Structures are given as structure tokens and as C-alpha cells.
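Engineer: In case you want the letters, here they are:
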Amino acid sequence: MSASIDLKNLEKKAFRSVHQDGLWDIVIGGIVLSYSALEYSTDSEAFPLLQFGLCLVGLCVFELIFWVGKKYFTTPRMGLVKFGPHRKRRMLTMMIVLGAIVLVQVVIVVGSILLWRNPGWAASLGLASSSPDNGRLLVAFIGAMFVGPSMVLIAYFNEFTRGYYIAFILSLGVFSLIWFHRPIYLTISALLIILPGTIFFVRFLREHPLPPAEGIHD
Amino acid sequence: MTDTGFHPDRSGFSEIDRLVHEPARLMLMAVLYVIDSADFTFLMNQTGMTWGNLSAHMSKLEEAGYIEVEKSFKGKRPNTMLRLTPQGRAAFQAYRLKMKQVLDDLPE
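Chains as they are written, first to last, in this note's numbering: chain S, 1 to 218; chain U, 1 to 108.
Just chain U, same shape as in the assembly (with noise of 0.2 angstroms):
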């Protein structure tokens, strides 16, 4: 076997926030990060997900403390509007950060 001369540092690869990793919740906090709010049904439309898929995903990142739900009435209609917390932007942030720096780090 010959050595390459690439030794991954693991210990960046560790750092990333998997919570944010999984494709279909980077996609939705990607959208929430670049709005204010938006309903579920806006959301299913941005990102192509089903209804169930979003709503399992939106309960993680309610979990993790990284999107914040905002129940009103519009009329007589319940009306659920999702935002990022400043805690779900800054990993995000976080997250884009490392990977950018992680993928930068790998050789040509």
C-alpha cells in the first residue's frame, strides 16, 4: 500500500453538527435561513418534501431547539409559521463553516 500523504484530521469530520448534515433538514434550515418564516405548506413546496417527512423533520430541529413555531389565527384559520432561533442560524452558520473548511482541507 502506498501512503498517499493524506491523513485526515477525524477530529474535524467529528465537529459537524449531524443534526443539520441530514440533506433534508439542511435543505429546510437552508431555506429558513435565507427567510424570515414561512408556513408548511410554502416549505413543502421549497423543498419537495411530503407533509410527514417535513413534519418529522421540523419536530428535530423544534427538539435540538434550532426552529421556533409560531401559532396564530389569519381570520378564523389556525395559521403555523416556522422561523430559525438564533441558535438553529448560528449552527447553521457553524455548519457552514466546517464543512467549507473540511472540503477545503482535502487534497486536489
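Chain S extracted, bound-state conformation (with noise of 0.2 angstroms):
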């Protein structure tokens, strides 16, 4: 019996529930709605402040959200669980990698602001370019590149099977927002990702009663 016990499948199958209750995509999709209000752009002077008071609503808003779905809906139904070592190490490597991750990108960012600035520099590495669109092209894929990657490292090593699905969502929002100039694109990619995420919070609590009061073992 024990034989056909595969304990790997265990650990995994009980580490992945974890994320069925939707809430990482809620957070994830609410901190990219908040940001996308940066993006629009009108005559009133007003205006900017709004965007930077709407984004910052918006982050604490979803935040919150977050926080109060994992304490009051999320934990009685799902229960408390610490995983072993293993999964720490796994958390630490994530952690490396995408602090290498970030690094790589300030030296992209902090590059290719030099090179703006000194246009002498990117005609002598060849990096110059004689058409706007081919120039926008390459921002809007840099701008993909930031957030598409980095989504896919963390959904690998938190076994966060819909993190693949925002990580191209998100790419495509970036790349759209700069290469068409349309901050909608990058609205509409939050909703696509925070959708899904309600739907699963809501079939999540549909599935998971609250156990009864004895359950709560004290």
C-alpha cells in the first residue's frame, strides 16, 4: 500500500491549494489596474494628483483585499500549514533569481537612459536607430521582458499554475500600452487577470464551508 504512496504528488497537491482561493491573482491584477491610472493622460493640471492618489487608493484598496480574504475567508476554511525546508530553499533561490533579475533591469534601464541622453554612444555601439517605430518596438518588448519573466520565475517556483497565464497577459499589457500609446490596454490586461481570480475566490467559498465550530480545534 504504501508503495503506491507518492509522497512527492502529496507535497505538491497539499502546497498548491494554497493558491485556489484566487486571491494572489485578485492582488496581482489590483496592483496592475492601480498602476495602469498612472498611464492616462488629460489637459487638466489637476490631473496628476488625482492619478497618484487613485493609484495609491488603488494599491492599499487590493491590499487590503488581500489581507482580509487570506485572515477571514481563506484561513478558517483552508487552515494554517508550514511547509518544510525544501520549500524554503525553493523560496530563497526565487529570491536570488529575481533580485539578479532586478539588477539586469536597472542596468537596462540606467543603459538605455545613458544612451538616450548621449545619442554619440548609441550610433558608435550601432544601437541607433533611424525609425521611431523600430525604437518603440524595442522599448514596448523591453517593457514586456520586465514583467513577463519575472511572473514566470515566481508562478515556477510557487507551483503557481495560473501564474503562467498573467505572466503572458501582463507581457501583452505592457508591450500594447507602449506600442500603441493606449494605457487601456494595460486596464483591460488587469481586469483579464483579476476576473479569473474572483471567479476562483468565489468557487473557493462555494467549496469550502466554514468548518463547523468543533473544527475549529482549540
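Some clues are possibly wrong.
Unchecked claim - Example chain S residues on the side facing chain U (calculated, C-beta under 7 angstroms, incomplete): (1) A14; (2) V18; (3) K82; (4) F83; (5) G120; (6) L205; (7) P209.
Said to hold, decoys possible - Pulled a few chain S residues facing chain U out of the computed Cβ check, cut under 10 angstroms: (8) K8; (9) E11; (10) T75; (11) V81.
None of these hints come from the bench; they were simulated from the model. Nothing here was measured: the structure is a model prediction, and the numbers come from that model. Ideal Cβ positions, reconstructed from N, Cα and C, are used throughout, including at glycine.
Work from the hints to combine the two standalone chains into their complex.
Structural biologist: Structure below.
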């Protein structure tokens, strides 16, 4: 009997169950939605302040939704669990890899600014673009590469399967935002992330009713 | 009656830890073996057991020294976490090996 117990699969199933409430999707989509508010522009002078306010309020609201959702909805239904050292090592590896990616991104941003301000350097390196469209395409591609791979890594290390979908939608949203100059694409991407998350959350609540009072073991 | 040539070694079967061998407890110990610790609600979700059933099996495992109960407070709410003791881990590992050995010894 024990020979048929797949312990790795059992651990994986237990670990993945932590993400089934859809709250990660909602908070990631919410963060993107909040930042998308910064991309809209009008002629009004008061608008930038309003944008920052909207962004800040959005970030706070979605963080609050995540915190309240985990504390008052998920944990009482799902219970608490601590995983073994293997998971802690995996998280540490993820932090190191993500840190390295952020470092590369900083180098790319600083390099881009330097080349932007010194066209001569760009020309000497063969990076000067004759067409503004090519330049924008490159920036759109780099923008998409900033968000996509990081999200893929988070999805991989956390066994968060929907994270791959989020990475794709996010990359597409950022690319479209830069390429078409239309913030609505980022807003749509955010909604395409929040919507499945909300469906998962509702489904989670339906499938996991609160355990009876005696179930809350004290 | 024909002799199949297979004569099981009864001592192998008798060495199987019956406390672990019971399916519900085996499932419970397997879940606890792959994690660090968990509370009752999480274990109920993972094993599909009712609270009463889980509680009964936990008591037996605790009496045998296979699991330990850690009581603490999360804010104002009491929180009970359960984990396998080193003895419990060793018992589960020994059970796996024994079962594998016993099943491998069976003819095709």
C-alpha cells in the first residue's frame, strides 16, 4: 500500500492548495490596475495628483482585499500549514534569481537613459535606430520582458500554474501600452487577471464552507 | 492441493506497524510527513476526514509519540499546530521500507 503513495505529489498537491482561493490573481491584477491609472493623461493640471491618489488608493484597497481575504475567508476554510525546509530553500532561490533579474533590469534602464542622452554613444555601438517605430518596438519589447519573465519565475517557484497566464497577459498588456500608446490595454490586462481570480475566489468559498465550530480545534 | 512454491515469511508481515498501517492514519502521517506542520482544518481538507475521525486518529498517534501538538495564539485566537515527531518520522520511514520489502518479496 505505501509503495503506491506518491509523497512528492502529495506535497505538491498540499502546496498548490494554498493558491486555489484566487486571491493572488486579484492582488496582482489590482496592482496592475492601480498602476494603469498613472498612464492616462488629460490636459487638466490637477489630473496627475488625482492619478497618484487613485494609484495609491487602489494599491491600498487591493492589499487590504488580500489581507482580509486570507485572514477571514481563506484561513478559516483552508486551515494553516507550514511547509518543510525544501520549500524554504526554493523561496530563497527564487529571491536570489529575482534579485539578479532586477539588477539586470536596473542596468538596462540606466544604460537606456545614458544612450538616450548621448546619441553619439548609441551610434558608435550600432544601437541608434533610424526609425522611431523601431525604437518604440524595442522599448515595448523590453517593457514586456521586464514583467513577463519575473512573473514566470514566481509562477514556477511557487507552483502557481495560473501565474503563467498572468505573465502572458501582463507582458501583452505592457507591450500594447507602449506600442499603441493606449493605457486601456493595461487596464484590460488587469481586468483579465482580476476576473478569473474573482471566479476562483467565489468557487473556493462555495467548495469550502466554514468547518463546524468543533472543527476549529482549540 | 498444489504447492505454488510460495511460502510467505510471516515474520515480515508481523513486523508491520499496525498503528501506521490503518489507511486513515497512514494518509494522515503521509500528509504530515511531507510538510512541517498544519492545523486541524488543513488536515481535514487534505485527508477528507471529519473532525471527530481526525481527532480520534490524532489521539492515537499522539499517545504513541508519533505526533506532537503545539498550542499557540494567533492574535486572540488559539491555534493548534500538529507535526510528526522524529519518532513518528522514523516510524513512517520504517513502515514504507517494510511494506516495500514485503510487497517486493511477493511473486509476480
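Engineer: Check each numbered hint against the structure and report the violated ones by number, ascending.
Structural biologist: When the structure is compared with the hints, numbers 2, 5, 6, 7 turn out to be violated.
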